[in-house]
Amino acid sequence: MYSEKVMDHFMNPRNVGEIEDADGVGQVGNPKCGDIMKIYLKIEDGIIVDVKFKTFGCGSAIASSSMATELIKGKSIEEAVKLTNKAVAEALDGLPPVKMHCSVLAEQAIKAALLDYAKKNNVTIEGLEDFNPDEDPHEH
Amino acid sequence: MYSEKVMDHFMNPRNVGEIEDADGVGQVGNPKCGDIMKIYLKIEDGIIVDVKFKTFGCGSAIASSSMATELIKGKSIEEAVKLTNKAVAEALDGLPPVKMHCSVLAEQAIKAALLDYAKKNNVTIEGLEDFNPDEDPHEH
Amino acid sequence: MERYVYMDYAATTPVKKEVLEEMMPYFTEKYGNPSSIYRIGRESRAAIDEARERVAKIIEAKPKEIYFTSGGSESDNWAIKGVAFANRDKGNHIITSKIEHHAVLHACEYLEKHGFEVTYLDVDEYGIVDLEQLKNAITDKTILITIMFANNEIGTIQPIQEIGKIAREKGVYFHTDAVQAIGNVEIDVNKLNIDLLSMSAHKFYGPKGVGVLYIREGVKIHPYIHGGAQEKNRRAGTENVAGIVGLAKALELAYENLEEHNKKLVYLRDKLIKEVTNKIDYVRVNGHPEKRLPGNVNFSIEFVEGEALLLSLDMMGIAASSGSACTSGSLDPSHVLLAIGLPHEIAHGSLRFTLGDFNTEEDVDYVVESLVKIVERLREMSPLYENVKEGK
Amino acid sequence: MERYVYMDYAATTPVKKEVLEEMMPYFTEKYGNPSSIYRIGRESRAAIDEARERVAKIIEAKPKEIYFTSGGSESDNWAIKGVAFANRDKGNHIITSKIEHHAVLHACEYLEKHGFEVTYLDVDEYGIVDLEQLKNAITDKTILITIMFANNEIGTIQPIQEIGKIAREKGVYFHTDAVQAIGNVEIDVNKLNIDLLSMSAHKFYGPKGVGVLYIREGVKIHPYIHGGAQEKNRRAGTENVAGIVGLAKALELAYENLEEHNKKLVYLRDKLIKEVTNKIDYVRVNGHPEKRLPGNVNFSIEFVEGEALLLSLDMMGIAASSGSACTSGSLDPSHVLLAIGLPHEIAHGSLRFTLGDFNTEEDVDYVVESLVKIVERLREMSPLYENVKEGK
Ligand SMILES: Cc1ncc(COP(=O)(O)O)c(C=O)c1O
Ligand SMILES: Cc1ncc(COP(=O)(O)O)c(C=O)c1O
Numbered sequence: 001m002y003s004e005k006v007m008d009h010f011m012n013p014r015n016v017g018e019i020e021d022a023d024g025v026g027q028v029g030n031p032k033c034g035d036i037m038k039i040y041l042k043i044e045d046g047i048i049v050d051v052k053f054k055t056f057g058c059g060s061a062i063a064s065s066s067m068a069t070e071l072i073k074g075k076s077i078e079e080a081v082k083l084t085n086k087a088v089a090e091a092l093d094g095l096p097p098v099k100m101h102c103s104v105l106a107e108q109a110i111k112a113a114l115l116d117y118a119k120k121n122n123v124t125i126e127g128l129e130d131f132n133p134d135e136d137p138h139e140h
Numbered sequence: 001m002y003s004e005k006v007m008d009h010f011m012n013p014r015n016v017g018e019i020e021d022a023d024g025v026g027q028v029g030n031p032k033c034g035d036i037m038k039i040y041l042k043i044e045d046g047i048i049v050d051v052k053f054k055t056f057g058c059g060s061a062i063a064s065s066s067m068a069t070e071l072i073k074g075k076s077i078e079e080a081v082k083l084t085n086k087a088v089a090e091a092l093d094g095l096p097p098v099k100m101h102c103s104v105l106a107e108q109a110i111k112a113a114l115l116d117y118a119k120k121n122n123v124t125i126e127g128l129e130d131f132n133p134d135e136d137p138h139e140h
Numbered sequence: 001m002e003r004y005v006y007m008d009y010a011a012t013t014p015v016k017k018e019v020l021e022e023m024m025p026y027f028t029e030k031y032g033n034p035s036s037i038y039r040i041g042r043e044s045r046a047a048i049d050e051a052r053e054r055v056a057k058i059i060e061a062k063p064k065e066i067y068f069t070s071g072g073s074e075s076d077n078w079a080i081k082g083v084a085f086a087n088r089d090k091g092n093h094i095i096t097s098k099i100e101h102h103a104v105l106h107a108c109e110y111l112e113k114h115g116f117e118v119t120y121l122d123v124d125e126y127g128i129v130d131l132e133q134l135k136n137a138i139t140d141k142t143i144l145i146t147i148m149f150a151n152n153e154i155g156t157i158q159p160i161q162e163i164g165k166i167a168r169e170k171g172v173y174f175h176t177d178a179v180q181a182i183g184n185v186e187i188d189v190n191k192l193n194i195d196l197l198s199m200s201a202h203k204f205y206g207p208k209g210v211g212v213l214y215i216r217e218g219v220k221i222h223p224y225i226h227g228g229a230q231e232k233n234r235r236a237g238t239e240n241v242a243g244i245v246g247l248a249k250a251l252e253l254a255y256e257n258l259e260e261h262n263k264k265l266v267y268l269r270d271k272l273i274k275e276v277t278n279k280i281d282y283v284r285v286n287g288h289p290e291k292r293l294p295g296n297v298n299f300s301i302e303f304v305e306g307e308a309l310l311l312s313l314d315m316m317g318i319a320a321s322s323g324s325a326c327t328s329g330s331l332d333p334s335h336v337l338l339a340i341g342l343p344h345e346i347a348h349g350s351l352r353f354t355l356g357d358f359n360t361e362e363d364v365d366y367v368v369e370s371l372v373k374i375v376e377r378l379r380e381m382s383p384l385y386e387n388v389k390e391g392k
Numbered sequence: 001m002e003r004y005v006y007m008d009y010a011a012t013t014p015v016k017k018e019v020l021e022e023m024m025p026y027f028t029e030k031y032g033n034p035s036s037i038y039r040i041g042r043e044s045r046a047a048i049d050e051a052r053e054r055v056a057k058i059i060e061a062k063p064k065e066i067y068f069t070s071g072g073s074e075s076d077n078w079a080i081k082g083v084a085f086a087n088r089d090k091g092n093h094i095i096t097s098k099i100e101h102h103a104v105l106h107a108c109e110y111l112e113k114h115g116f117e118v119t120y121l122d123v124d125e126y127g128i129v130d131l132e133q134l135k136n137a138i139t140d141k142t143i144l145i146t147i148m149f150a151n152n153e154i155g156t157i158q159p160i161q162e163i164g165k166i167a168r169e170k171g172v173y174f175h176t177d178a179v180q181a182i183g184n185v186e187i188d189v190n191k192l193n194i195d196l197l198s199m200s201a202h203k204f205y206g207p208k209g210v211g212v213l214y215i216r217e218g219v220k221i222h223p224y225i226h227g228g229a230q231e232k233n234r235r236a237g238t239e240n241v242a243g244i245v246g247l248a249k250a251l252e253l254a255y256e257n258l259e260e261h262n263k264k265l266v267y268l269r270d271k272l273i274k275e276v277t278n279k280i281d282y283v284r285v286n287g288h289p290e291k292r293l294p295g296n297v298n299f300s301i302e303f304v305e306g307e308a309l310l311l312s313l314d315m316m317g318i319a320a321s322s323g324s325a326c327t328s329g330s331l332d333p334s335h336v337l338l339a340i341g342l343p344h345e346i347a348h349g350s351l352r353f354t355l356g357d358f359n360t361e362e363d364v365d366y367v368v369e370s371l372v373k374i375v376e377r378l379r380e381m382s383p384l385y386e387n388v389k390e391g392k
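Protein chains in written order, with the UniProt record's numbering: chain W, 1 to 140; chain L, 1 to 140; chain C, 1 to 392; chain X, 1 to 392.
No lab work stands behind these hints: they were computed from the structure. There may be inaccurate statements among the hints.
To be verified - Restraint-style ranges between C-beta atoms, simulated for each label pair:
(1) C:Asp89 x L:Pro97: 22 to 32 Å
(2) L:Thr124 x X:Glu380: 32 to 42 Å
(3) X:Glu21 x L:Arg14: 29 to 39 Å
(4) X:Arg39 x W:Ala87: 46 to 56 Å
(5) C:Arg88 x L:Pro97: 46 to 56 Å
(6) L:Gly74 x C:Ala86: 48 to 58 Å
(7) X:Gly115 x W:Pro133: 50 to 60 Å
Unchecked claim - Simulated pairs of lysine to aspartate or glutamate, DMTMM-like, Cα-Cα distance not exceeding 25 Å:
(8) X:Lys389 x L:Glu20
(9) X:Lys389 x L:Glu18
(10) X:Lys30 x C:Glu112
(11) C:Lys62 x L:Asp93
(12) W:Lys42 x C:Glu380
(13) L:Lys73 x X:Glu380
(14) X:Lys113 x C:Glu231
(15) X:Lys373 x L:Glu4
(16) C:Lys64 x L:Glu90
(17) C:Lys30 x X:Glu112
(18) X:Lys373 x L:Asp8
(19) W:Lys32 x C:Glu18
(20) W:Lys73 x W:Asp50
(21) C:Lys232 x X:Glu21
(22) L:Lys42 x X:Glu390
(23) C:Lys220 x X:Glu112
(24) X:Lys17 x C:Asp124
(25) W:Lys5 x C:Asp365
(26) L:Lys32 x X:Glu112
(27) X:Lys17 x C:Glu18
(28) C:Lys57 x C:Glu231
(29) L:Lys42 x X:Glu380
(30) C:Lys263 x C:Asp365
(31) C:Lys17 x X:Glu21
(32) X:Lys30 x C:Glu21
(33) X:Lys30 x C:Glu361
(34) C:Lys232 x X:Asp332
(35) X:Lys220 x C:Glu112
A quick note: this is a predicted structure, and the numbers were derived from the prediction, not measured. Don't be surprised by glycine CBs; every beta carbon is placed ideally from N, CA and C.
Isolated chain W (complex conformation):
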């Protein structure tokens, strides 16, 4: 069902946890749907120097969170905002079709955290104009 990569990131997730003094925090999902992702970002000079996550959800939700955090760690905001759910899924060697929404959730959680950072710092981030953190990824 799941690739080895998915299972690895599920069993040994990278970057689990919280960042006390995070510069941006984003949470997406809904416990009613069975998945919530919360992403914490530490940003210095436009670079994501640290990222942590907490996720309530299935195996692929946890693996997607883990992979997504890995993919943006050390990257610039510009790069992070371009992270697509497809990239997350590909980095995991693919997700089953019914689980693609988990990768969407990961993409959105990062965008939500970036949006939070933008708001707190009163900046705009290119690529987040149309982003709505409350949109339900299950509808995708």
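Take the given structure of chain W and dock chains L, C and X with the ligands to it, following the hints.
Coordinates of chains L, C and X with the ligands only, in the frame set by chain W:
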């Protein structure tokens, strides 16, 4: 499916053949229905001294013919006319429900032969008043 | 993987050695078609007839009331659609419950598209149907009541005798999906007023792909698979002789040891429930405290998601199941858990262990020990648990 | 009984050793439910997926077009009723032939009671459908043509490619019951324009109780057994994993050796036909002289009745079959023999030998020798033969 008795009478039928100068001959059945029985009787002083049959039909048709001839051999006309299909079937240790008509055919073949005897000798046989040799036993 | 603990006996069971042994000759030497009149055909026919008698005896039915099918789903579909279409002149109303297996629910939904009306009875928090609601639902158009004997997820056993009595009094046919109950509960179709009953061999240590529909003599029902004259012209298709023989043997074995089997399962079940609820907080046990299948345990473990639990258990060599939406590929968690009133977020964390004949006390210890670790790990990752700890 | 000669391979076949070997693990160790997400569940799922690919490859289909069922009868019922009800808005007319298997005919008759109209095409004396009649029968209400690939009684193979072409040109779905053809004939569903195709494993040395319905992508069809999400939501019920694996293996074996198998069967078949017609008078061979299944021989032996022949053969250890009414418990002989124009009395004397992989030349010799004696004995008892001898 069939009792041992049926198989015995099918594989080793008694009284197969014809009687050249039979006193009564009866034939019932229809090749369209897959069974024809022909019974030859030799009758002396009201006693069936010999009986032979020829049958086109399934295993139980042949076994019923064989058993029926055995049951009336040496018996009086009065006894023979009373032979029922049930008696034939019972003597064979039973027949499958869908095969009961074979025993009916045997009963009718004997009655038809007795009727033929009665006609040839211009006598009436009690119990044959309502007998119609052309009635289809499949309707039973 | 060192240890393998299978605790998903409600999903399926292995075929028992004795069962497979009885089946074997029918694949190779005794392969005759039961409809053929020669020796090896008659042997197959005899094997089926004997199986029919063996099955009938267990549920106090007549052999001619036992029909072999391809499994529980076919039996349910046949019972429901076959009775519905055969009795359309009498009425078009069917009563079922909200916690039936999909084979029943989807068959009913199909009938709704074909002019039938279906009442889906509520259940209480334990999963028991409301008998008053049932009585009130019956109209003069009601032709069938179909209520499962025992639920596959939460293990709740329905008041079948009472339902049967109500149905009989109102002159309505009563079908019960006994797929989960058979092999675990004594069933007498006469005492319980059951008119139709479904079973599936692979739930009681028989092979997959073979089942039974019991049809009480006189019940008006259409055939469902048309064709040859098999099963007294009511279910066409060359019989799965090996499967049928296996089903009968498995059923016999189940009822030979029923008491012992149940005693053991209840002991293990209660131990599992006790230890898990002692060692893990925010856990609830779903289903009825007493009226439940001997091997069924259904937990809701808050703040974690069911599939994540299953995957983690699988990594430790433990097989279990969940009513979480994520395991089914649908968006909603189990309709059964929702029907007993669980909120979605709690239903997502459901975890079912179903114990069976090959489980031991060590298995239970291992599962408890593993589960404690897994829940701890997953909760550490869970933003919901964090809120709770912080008292939010 | 010293010798046992099975010559009823069209009724059913033994499971081949290699097939059973592949099936075995799925009864005991690999017993997981394919819907379960843990290891042994995934293994079962993988086994089914692999089987699906293996089957698809043989008939040039896509794996997702292969659906596993409980056998030929279910496949036929599903194809016909499933397409009929799903396309009712388009039309209510179905075309079939008079010599179909009962699974097709009775499914069609059922539909006639539910508002559908069915045309039953005639066949010629060899059992071949009339393509002109077919073309003329198609109306703008026609939604399905269902014509069998090869006949189970007389072995006649239909002009499937032409039928498929006609159906495709008219935009009508084409289903073929290939239960007898599969394993004996190369089948490419694309070249032949087949939209739906039924098979049954026990006809090609696989187990009883498992079959396939091929459904071309895009065909509108309703599910037939509702319930769980198995088979992409189209055929509910826990999969008969062992049976499915056995089916795939058996099919592969059949096509590995197809040429050799056919060469041998044709040789034995033609020898049997030649010797019987040489040594017994008043015998006719039914079916098409060339367009027939390699293993099928169908005789009409005049003045004797089929069941009596079968019983006698059985006593000599020979398994065969007959279209006589007496073997089926009905009053009429085989509808197939009547459709090719045999008079009732001759149809009653029909005798079918179907050869298979385990038959030898000695088997044929033994059958010929035995049959000569049996026919002689039965004809001596027959009042019809007596008439012939006497020239009546
Ligand atoms: C042509 C044909 N169609 C359908 C069937 C039905 O297959 P099954 O008996 O496996 O359901 C058979 C065999 O009995 C057959 O020969
Ligand atoms: C209660 C219940 N009914 C019906 C079924 C369907 O049985 P099967 O999968 O054998 O068709 C199952 C099991 O899946 C079940 O648990």
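How the hints compare with the structure:
no.: 1; hint: C:Asp89 x L:Pro97: 22 to 32 Å; in the structure: holds, 30 Å
no.: 2; hint: L:Thr124 x X:Glu380: 32 to 42 Å; in the structure: holds, 35 Å
no.: 3; hint: X:Glu21 x L:Arg14: 29 to 39 Å; in the structure: violated, 51 Å
no.: 4; hint: X:Arg39 x W:Ala87: 46 to 56 Å; in the structure: violated, 30 Å
no.: 5; hint: C:Arg88 x L:Pro97: 46 to 56 Å; in the structure: violated, 31 Å
no.: 6; hint: L:Gly74 x C:Ala86: 48 to 58 Å; in the structure: holds, 55 Å
no.: 7; hint: X:Gly115 x W:Pro133: 50 to 60 Å; in the structure: holds, 53 Å
no.: 8; hint: X:Lys389 x L:Glu20; in the structure: holds, 16 Å
no.: 9; hint: X:Lys389 x L:Glu18; in the structure: holds, 14 Å
no.: 10; hint: X:Lys30 x C:Glu112; in the structure: violated, 39 Å
no.: 11; hint: C:Lys62 x L:Asp93; in the structure: holds, 24 Å
no.: 12; hint: W:Lys42 x C:Glu380; in the structure: holds, 21 Å
no.: 13; hint: L:Lys73 x X:Glu380; in the structure: holds, 21 Å
no.: 14; hint: X:Lys113 x C:Glu231; in the structure: holds, 22 Å
no.: 15; hint: X:Lys373 x L:Glu4; in the structure: holds, 22 Å
no.: 16; hint: C:Lys64 x L:Glu90; in the structure: holds, 24 Å
no.: 17; hint: C:Lys30 x X:Glu112; in the structure: violated, 39 Å
no.: 18; hint: X:Lys373 x L:Asp8; in the structure: holds, 18 Å
no.: 19; hint: W:Lys32 x C:Glu18; in the structure: violated, 46 Å
no.: 20; hint: W:Lys73 x W:Asp50; in the structure: holds, 6 Å
no.: 21; hint: C:Lys232 x X:Glu21; in the structure: violated, 33 Å
no.: 22; hint: L:Lys42 x X:Glu390; in the structure: holds, 22 Å
no.: 23; hint: C:Lys220 x X:Glu112; in the structure: holds, 20 Å
no.: 24; hint: X:Lys17 x C:Asp124; in the structure: violated, 53 Å
no.: 25; hint: W:Lys5 x C:Asp365; in the structure: violated, 31 Å
no.: 26; hint: L:Lys32 x X:Glu112; in the structure: violated, 29 Å
no.: 27; hint: X:Lys17 x C:Glu18; in the structure: holds, 20 Å
no.: 28; hint: C:Lys57 x C:Glu231; in the structure: holds, 18 Å
no.: 29; hint: L:Lys42 x X:Glu380; in the structure: holds, 21 Å
no.: 30; hint: C:Lys263 x C:Asp365; in the structure: holds, 18 Å
no.: 31; hint: C:Lys17 x X:Glu21; in the structure: holds, 16 Å
no.: 32; hint: X:Lys30 x C:Glu21; in the structure: holds, 17 Å
no.: 33; hint: X:Lys30 x C:Glu361; in the structure: holds, 23 Å
no.: 34; hint: C:Lys232 x X:Asp332; in the structure: holds, 18 Å
no.: 35; hint: X:Lys220 x C:Glu112; in the structure: holds, 20 Å
In the structure shown, a violation is registered for the earlier hints numbered 3, 4, 5, 10, 17, 19, 21, 24, 25, 26, in ascending order.
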